[in-house]
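Can you build the whole structure from these sequences, using the hints too?
Protein sequence lines, in the order shown, are assigned to chains D and Z. The opening position of the first sequence corresponds to residue 217 in this note's numbering, with each subsequent residue numbered one higher. The opening position of the second sequence corresponds to residue 573 in this note's numbering, with each subsequent residue numbered one higher.
All clues stand as given, with none of them false.
Covered stretches of chain Z (chain D as the covering partner; in silico rule of three or more C-beta atoms under 8 Å from a C-beta of chain D): (1) 612–624; (2) 643–652; (3) 662–672.
Hints were generated in silico from the structure; no laboratory data involved. Heads up, the beta-carbon is just placed ideally off N, CA and C, and yes, glycines get one too.
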Amino acid sequence: MSGASGHTRRAVVVGMAGSTDLMSAAETNAPPPPPAKTFVLVHGACHGGWCWRRVADRLASKGHKVFAPTLTGLGERSHLLSRDIHLATHVADIVNVIRWEGLTEIVLVGHSYGGVIISGVAEEVPSSIASIVFLDALVPANGTTSIAGTTSAAVRAEISAATARGELAFKPPPAAVFRVNEKDRAWVDAMMTPQPVATMTDTIALMGARDRIARKAYIRAPNYPHPAFDKAYAACKADKSWRTFETTAAGHDVMIDAPDWLTSILIEVA
Amino acid sequence: MADETTFTRRGMIAAGAGLAAAAAGSAHAQQPTLSKTFVLIHGAWHGGWCWRRVADRLEGKGHKVFAPTLTGLGERSHLLSKDINLGTHIADIVNVFKWEDLKNVCLVAHSYGGWPSSGALEQIGDRVSSIVWLDAFKPENGQRGADYASEFSRKALQEALAKGEPGRKGPPAKTFSLSDKDYEWLDSKLTPQPNGVVFDPIKLTGAREKVAKKTYIRASKYPQAAFDKALAECKADPSWKTFEIADAGHDVMVDAPDWLVERLLDVA
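The following block contains the structure:
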């Protein structure tokens, strides 16, 4: 039993690499591996650390350190859902991982709503961050809320419905809304959990720390229609201090639809 | 890309195993070891951070490691409240298994971690193939943490409750570790332990004892009668393996990470 199911990632990695690299490795001395990086991956609304599994596995197998914490009240932390959860809770969720793990030279990646969180994190621990990556994400301005025109129409509709019912959290839209590839939709639908409304209605206080980070990148998945992302992408394209990428091979959940492509981009901009 | 992402984990494992077998038969010097999934549960006042040395070593050998921080502690200390009870910490563990879809896991519990881990096994016992109790509590059905805590811990609990505080401060690092160069780091990371986790009687129906592989590790220099008793019980039970370490404090993962990683790989 342990022989079959215990044969996991390392075997996959070594095995697959071995099948293609065997010749070249025998002929030439393999170049030294690039220095390992530390990635902190922040998920979006209604998602959890689970959504990064494919990308985290790929980065870890290349020797990088990966932290993909789940924001309070969501996913594996959904048993903590309460009215006490605010935008500041989610910012603290990430800042505290960085502090308690003593992380430095981080590549900080935020997906979707996670763009608000990493912008807030940059204000608190700017010197810990070497590179910041917005993945089909909000790039909020100081004093804004996620609900005021920046979230998608589908999410706004869920928030209005939850607020009308007096509920503290809004239901995740179906994975199909995020244009998740068809085979993974059932899995994503099973994993997604309600998002506390307060996290979308609190304002974020930003003093420009995000924009002072040395390396900045924006990745857009235009198959997912989202005017606020289009606007953020255009603004980053017009700013020489940002690198920009786009993929039409994925929906909004790029880490699920195109993990190989995303992993290579993250390493490139790290 | 579509082909790539539609590969399920099981599919990848099968494909990988075949390729690995092919590679092993060739000029590749290093034969891949079987990779395991470890879930590491910290003790009172600690957090996932205490496993860093062990986690790095296991990951460096290609293993998968999850070291979640229990609610109210360490990186989750901003969530400290009187609402946190043993059920919260049990759910912290169970939900990692569910959302990450973990199977065939080696579950390692340190110290207080033996309480929520015993409770979690009642729900995810079928996903665990090996347990390692590391200088840890091994509660029986109906017991409460408040009745088995150390003298220090009980006194701190009474004081915190008298002051209406949600948590109680831990002892200094030198209580847990023999590695004095680590005391500053440890003292800066230790956080108050939520008081509410020690009052609920734990509900156990024997799931922990049903796990196929069971190991108890005792750090004999750290005085704790409950751990001495647990070690003696495990020694007398042929379904448990036991180890003792004399040159490490209670925080074996801090003081002797290489030794611990060897043991974990032996018994996983």
